[in-house]
Structures are given as structure tokens and as C-alpha cells.
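Could you put the whole structure together from the sequences, leaning on the hints where they help?
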Amino acid sequence: MTDQRDEYSPFGISRFAGGNSRSSGGSTLWETIWHRVMPELVATRLAWLMLLAVALLCTASLMAVRICGRGLMVRQEIHILVGAAILLLLLTVNYRKLGYVAYSFFIFTTLLLIAVRFGRAIKGSHRWFIIPGGIDLQPSELAKISFVMSVAWCLRMHKDMRQLNKLILPFIFAIIPMGLILIEPDLGTALLFPVVLYAMLIAAGAKFRHLLAIALIAMAVAPGCYPLLKPYQKQRIVALFVHGKPTHRQLSGELYQKRQSEIAEGSGGLTGQGLEGTVEIRHGLLPEASNDFIFAVVGSQWGFTGAIGIVVLYLIFFASCMETAGEAADSFGRLLVVGLSCMLILQAVINIAMTTGIIPVVGITLPFMSYGGSAMLADMLAMSLILNVAMRGRRMVPGSRERPAARG
Amino acid sequence: MLVVLAALAMAVIGARLAALEIFQHQHWRDEARSFTYRHYMIPTRRGEIMDRDGRLLAVETPCYNLAIEYQAMNHDALWITAMAIRHLEHLKLSRAQMLVRLPVEKRKINSELDRMPESIADHCGVPLGQVLHSFDNIRSRMQLLREDVWTVRYSHVVHSGTSPDDLDEQMGLANSIDLAEAHEAHTVIPDIGFVAAAYFKKHARRYPGLVVQAGTHRIYPYNDVGAHLIGYMRQVTARVVEQHPFVLPRLIPGSLRDTRGHLRGYLPGDTMGATGVEQAAEKLLRGARGVRLVNLEGHQVKEDYRKPVPGQNIRLTLDINLQRALREKLEDPTTHLLYFNGQTHNAAVVVLSVAHNRVLLMLSEPGYNINTVHKNYSLLLKDPNLPLMDRAMSSAFPPGSIVKPLEASVAMTLEVITPHTIINCGPELFPNHPNVFRDDSYPYGRGPTDVVTGLEESCDVFFYNVGMRLGLTRLVAAYRSYGLGAPTGIGLAEETSGYLPPTDHGLSKIKRLDDAIMMGIGQGPMAVTPLQMANGYTALLRGGLWMRPQLMEQFHRPPARKIPINTSYLKYIYKGMYLVVHGPLGTANMDNFTLPVEGKTGTAQTAELVRSNGKTTVVKGDDGWFIGCVPADHPKYVIAAVVEMGGYGGQVAGPIVKQCIELMQTRGYLPEAANP
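Protein chains in written order, with my numbering: chain A, 1 to 408; chain B, 1 to 676.
If you're looking for bench data, these hints aren't it; they were derived computationally from the structure.
For glycine and all other residues, C-beta sits at the position ideal for the given N, C-alpha and C.
One or more hints might be untrue.
[Unchecked claim] Per the computed footprint, the stretches of chain A lying under chain B, defined by three or more beta-carbons under 8 angstroms from a beta-carbon of chain B, are:
| # | segment |
| --- | --- |
| 1 | 257-271 |
| 2 | 337-346 |
| 3 | 355-364 |
Written as C-alpha cells, this is what we have:
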């Protein structure tokens, strides 16, 4: 066993390390990570690319968070380090084994979503658990992961999803957390679920006709939901269609956030204003600068160059995820990667579009960049699962007759 | 396929980014610059009040204010930690020692903050309630500023449809706004005095968060002289703050222009004039706070962005030294001016100049000390002599005979009587009814009387007749034309209008006649203030030219109004008034004035409720009036004096006027002797 492990040691010093370790009774967690996980990770071509992109995004995040408030950077560093530790821990377990707990995880997060209803409201919505010690837990972030895992687990056995009745269970998996998140209320996060579900269903091979029919029905119903929106949500939609010169009242009212974000980004110019960013950020005039509007901060710091760099990093990350999905040998792994990476890229697209004023303001975080423990934890979990598939997915499971699927 | 979709989406975003950051860069950078400025307020200085010679009656003087850091007041944890570290830094401890000592030091500071209100109250000599009230004021001042900022930043989230839960949450955001003012010290106790200031400066370590600041404080050098006229200050009420809030100008988002703000408004804890000139001239005295514009980048400060507008000085027509001298004489019991019959009486004196109708002197006895009015307020309120009331203009007395010259002038103009009308004055008006409309001063009657003798001897029956002939409507109109029954318009809010009955009232004919006869001698349903009477006499002396009395020189006065009287008859009235003082039977011929004086006495029957030992009794008595016009022939001043429940006017009010004339002579307002 020991010998076998040694050949996987990354730097050829593991024999020495293993010899010195307390390995008489079996492998410790550290040994498992060092001798089994790291070599595999290092040997995976796509993992390098993904890790590089994420590391750069996290660095940009730290630089941006630093000017948003005192002490935020240190806490964000802790978030990233804790997230990375959990990422490594989770890599010790094969993702196929994780699939068995997918449903339990789903039930657990659903219970959390129900429980959060009874907590204290913050900024007008029930999204957070307040845990003493300055930690706020946002269950909807975990719910996104559990949803993708459950749908992937549910779809893995079906060769194809060409029957309409086979679509019922995945839709139930989407609708339960979506409904619970909608009443929090958190419209932005809730809207991620159907889109990700569609991406996964397409990847699983559902009939385009069925999906189109369901989407058309949903689109027909959607405008009827407009009166159900909260007044501030309506205003955000109206704010999108305001053209011409806005009045002072609008500027200090419904257009304030959008305007501030545009000012922050626009003042960046081609090369940015430097790490100090613009005045309005330093003096707290851009609300939620460190969370949802962190892209505006990056825009003001690094200008067009930096902003485009971030966009390209996300694209690199997504492309390598898709490559991984294409290489995955089993459909659970493939669907898992498709779901998680679509979730992340969708969040990135929506958030950046919102910050640049293309779409209305919705409360969606920017993956790997927004300040916040829950979001970083969820992003790292997703990253961990994707890496897991990248590491282990290419090999056929013994006894399985599946062939590598076509690229997503 | 999904990669292509994502790339497409990102391409759209890239295009938008290019538009924002490259093509519109200049525009957005200008907008960002508009946020680099912030406004801070600069205190202003309240105007001073001076008398006619420029002597200061109310003045801002430097003083020490005790202020508290806002964070210390709220036990801000960060602030306490910072303070503890600052305390420990002096000891040059190692890092480990520091960590051990820090919680101990923090606990110490915390307990000191807990004891703070008590120790402030102890060392400044103020009640604990005042300290706590002042803390509340500072908090509500901050709340107001926060809500102002909140409206700018977050109000768009709240609408009529917002649920109460959400609304609470949104308003909660207002509390978390970090204001520059939250890091400043705010005044708790103004003017703590040198000793307390020195104490707090010396023991600064023992009182973390307390700061001794230089400030200004209003003092009144003449203490209790002219207190009613000058008035005092008090803290603004919540309603005033609501109606006239202070608003800092703020930059309009996305432009380099700013809102006007409201710099003359009030913040909780501000003071404003409560009574007298302090209140009447509040707008002029107050001034406006200034604004300092601070560029947050590079810390450039524009001090004179909006210069503070200092309050205007108000100059009164009053001679404060004359008033002080007369007041000293009145309060001295050995002069027996107000101390007689075994008790001290209350009185009011008004001096108006005839030419310009300026108030030279206006006093009310007893008075109060303006500098200590807040300390003694409850005592002053309980005092049965009502020292807070200005008897010269806020209190109405029955006038008695002093209305007779005014009445006679109108009666002769309307030819109800002529200068030569003779009326037989018996002891009563109707011989058949000897118990009504009596004249008790002449039990056997005094025979035929014309208007001059009627004034000289203050013959009631003569003026009963005049009142009866004029009738209620014309009589009341006559009094109104002399400005009775309405505020004279001196400009102070405390002035009362006195009382005259409505004439269009559905009274019976008998009752109207009854009122008219009684009002003919200044009794019945009427009451006047000394100021109104003095003002009516100056109008009479100017031949019917009625003007407003003037107290504040800056205040605009409307042009004079002509009373429709026939001036050719006035000489008879002047003659009658001269004989009141100098005639053999004149009602004031015992007063031995140092100058020839025209005048009229009045002795008005009145009654007042006296409350003692829980029992209320009615005490009957006479208000004694004397109005003197000096010097006779060409009067320059009208002096009106009234002694509450004093008795016979010529005996009690006459000496006060005499004293006043003597003081005016020594101060050069009147000649030493009559012109040869």
C-alpha cells in the first residue's frame, strides 16, 4: 500500500515523508491529501487552468475588498483559506460516493431554507442565519449546490430524457428551493434554478420540444407575476428603461445604485485609477460595494483592461469546465460539472451585466469575488466537485458500460 | 454550445464595458469628482441687544462648554478599545502585558462611562435630569442628520406598499449610517464656569470622552433691569425643529451643484428667544450657520464656502440707566414709593417721547433676573406677585378717570358737548336713584361744571353725562381710535390688547346705556395697558396723530394715522390737564412736581382674587393711575404710572411720576427749571 502510494507523490520526497509519518496504524488525513489527492490534482491538465483562473479572481477580490471597508480584507482572506481547506478535504472523497448523499444534502438544505424564514430579517429579507461571532450563513448558497447534485444524481441512470414524464422529478428538485428562495425574497438567486436546470436537461439529452413547451408556458405566465413583485423590484425594472436626462429625484432615488455603479466603472477609464479606486467607493457612497457591486470596484481600480481580464478569466474557467464535462466518463460527473459551471458562469454574467447597467439590479453575488463567507464556501464547494470530476472522471468505473459523452 | 453562449454574453458585456470605460470615461470621471466634496457646518454668532446709547443689554461672551464624544456617550466598543490602547501606550508595555491589561482597562473605561452623567452633574452643579436630557438632545440631533442622509441614499426602497416589517428594517439602516458628526464632541453643559473647566481639564484621564471646549454663552449685564423687555432664551422645542429644521446643503448626485439647504433652521439643543426682544427679533438676531466645504481628496478646505451670517445687533430706544435708577428708587422701601400701608405694591411705568413715540423707559415691578431665570423658574411661577408678567403691556387694568381727556376730545369734536357746556354736578347722576352712578368724592355735589373744571376735579357726573350722550357705539369707537382695545404694535409677542366691549352685540338698550355711562369714567367693561394709555396721550398731545410706539430701532413703522378730532378744542383739554396738577382743586395738586406738568389722575375701582391657605377671597381696592405730560405747554414726554391696588392715583402714582421727572432732569432729558 505504502509503495503504491509513493509513486504518486508529487515531488519525489514522499518516501521520506511517509517513512517519518505516523503511518503504522493507517493513513492520516494529511497523508491522504498529500499522497493521494495532490498528485492526482497536479497531474490533471485542466485543474491547473481552473485553479489559476480562480486564484487570480480571488486575488483581484482581495484587492477590491480592501478599499470597501476596514478589516474586510483580512476576513475575506480567512474566507478564502477556509474555503480552500474544505476544497482539499472534499477532494479526498470520490465524487461518485458523494452522489449517494446528494438527496440527504438536498433535504438538509431545504430544511435550512425553511428554518431561515423564522429568523430575523436583514435588509428586509429572510436570507441569513446570524451565528454569533460575526458569521452569517446564507442557506440559499448551499441549496444551489445540493440542487445541482440531486438533479445530476437523479438524471444519471436515464440513458436519455426523451420522455416528458421523466422530467417531473428534476423540475420538483428545482421548484422546491426556488419557491422557498422566492419568498425570502431573493428573486435573483431563485431565477438561477430554472436556467441551470435547462442546461443540465439539455446536457442529459432531453427532447428540445418538451423543454421549449415548458419554457413557453413559463414565459406566458411571467408577465402576470409583475404585480406580485416588491415595489423596489418594480423600480429596478423601470429604472432600466429610463432614458434621457434623469431628474435629481430619480438620481437620489431609484437610480442611485445603478448610477453609482456606472460612475465607479466609468471613472476607471482604460487603465484604471489604481488600487485606491474612486472617491465614492472609499467614502461608502456605492451601496453593497464589497458584495454585489464588487465588479464596479474592480472596474474603477483596473479600468477597462482589468474588467476585460476578469471577464476572460471567467470564460477560461468555464471553457475548461466544459472540457472536463466532455472528458467525464459517467453521466453523473458530466451533469455535475455542467450544472455547477453553468451556475457559476450564469451568476458571473448576470452580476457583471447588472453592474454595468445592462439589466436591472438583482441580488446575485459574483463567484470567487464578492465578499462573504457563505458565497465563498459555496463557490469553493462547487469548485471542489468540478476538480473532483476532472481528477477522477476520465477513468471508467469498473463494471460501467458507459462511454465518454459528447462535449457539452 | 454553452461555451459559445457564455462567450456571446461576455462579448455583449465587453462592448458595454468599452462604452462605459473608454468612450464615456470623461463624463463619468467628472461625475465621480462631484463626490469628493463634503459640507460641514460652522457656528454663527447671535446678535447683541443694546440700549439707545449702545450699552449692551444682551451679549455673547466666551465661556467653557463641557462636551462629550458621541461614541463615548453610546459606549461604542471600538472607541473604548482605542481609548484603552491609548491609555496603555504611555506605559510602554510589552505585547503580552498589553493583551493582559487591555480587558482590565476597557472594563475600567466602561465603568467610568457608566458613572459619567452623575459625575458631570456633581461637578457642574446641575441636576442629573438636565444631563440626561442633554444626552437625549444630542442623540435626536444625530438621528435627524442621519435621516437626512438616509432620505438621500435609501428612501427609494420604501413606498406606501412597504410592509411595516420591511419599513422597520429600512429605517434601521438609518441608524447604521456613519456620519462625520458621530466622531465629534457635542456640548452637554454650556458655560460650566472656570473652576469646573479647570477640574475636567486636569482630570482628563479620569473622564474619557469628556472635552472642555471654548464656546459662547449669552449673558445679560443688567441682570434684572428691563428683564421683561429684553426677554430670555430657551432650548428649542421639538415642534420648532420640525417646522424649521436645519438642513446642510448637499451635492446633488452626479453634478457639481448642491441643494440650498436651510442654514437658518434649528437643530435639537439649539436655543431661541423665548420672550421679549429676544423672541420678537429672533430672525434678525439669530443669523445663519456657515458651511465649510472639505475636499476629501487632498484635504483642501474651503472655509468661506458659505460664510456664517452673524446675527444683527438690535438697538433699543430704551435708556437702561434711567430705568435702573428709577427701579432702584422704586425698590428702596425708604422712599415709600411702592412700600406703604405695610406692604409692597406692584407697579408699571412707561415713558414715551411725544415727538417720535419712542419708548424711553418701560418697567414693571416686581421683575426678575434674566441670568438666573431658568434656575428660579418654578419659584417665579409660584410667586403670587407674578414677576414674570410685564405689567406695562401684558396686564390690563381698568383705566378709571385717565380716559376722560381722550373722551372729551371726541365728544367736543362730535359736538355732543361744547367747551362751554355746563352740567350741574350733584353727588349722583340720577337724583331719583341715589345708589347708582355716584360720585363719592363730593358727597354734597359741586355745582355747575364745564369741561375744564370737570377734568381738573375729575368730576364723574360730568363724564357720566358725556358717556350717556355719546352712547356705547360712539364711545367705544372713540376709545378704539386712540388705540385702546388693540395691541399698540410695539412688536413684542407678550403685548395684550386690553378689552373693549363689542358694539354690535345684541345687548338691551338699558344695558348699553349702563355700559356707556360707566365707560364714560373709565370703568365698566373695559381694561387697558399702561402702554396703550401712554400711547393714547401722545396722540392727544400731537393733535390726534396716532403712531405706534417704537422700541426696536430697526423695526419698520407704518405711517401715522390721523384721529378725526377737532384740534381747535384741544386747548381746553390741555388747560384742564394743567389744572389737574396746578389748579386749587386739582386732583394731583399735592405732588409738588419740579416742573410744570399737565396730567390726569385715575383711581379705578377693582377687585382681585387672593388665594391664601387654600381659600380664595375677593379683595376690593383701587388701581392708582397718573399720566403726566412734561413739560407743560410743549410736552416732550408722557409718563404713565400705575400702582396695582395702590389707592388714590394722585397720591400713589403721582410721586412715582415725580421721581421719574427728577431722574430725567438729572440725565438731561428735561430742563432743570421751567422756561422763564
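Each hint, compared with the structure:
1. 257-271: Our answer is that it holds, as 11 residues pass the Cβ test (under 8 angstroms) against chain B, meeting three.
2. 337-346: Since three or more residues must qualify, the claim that chain B covers the segment 337-346 of chain A holds, with 3 doing so at under 8 angstroms.
3. 355-364: holds (count 3)
The structure meets every hint from the earlier list without exception.
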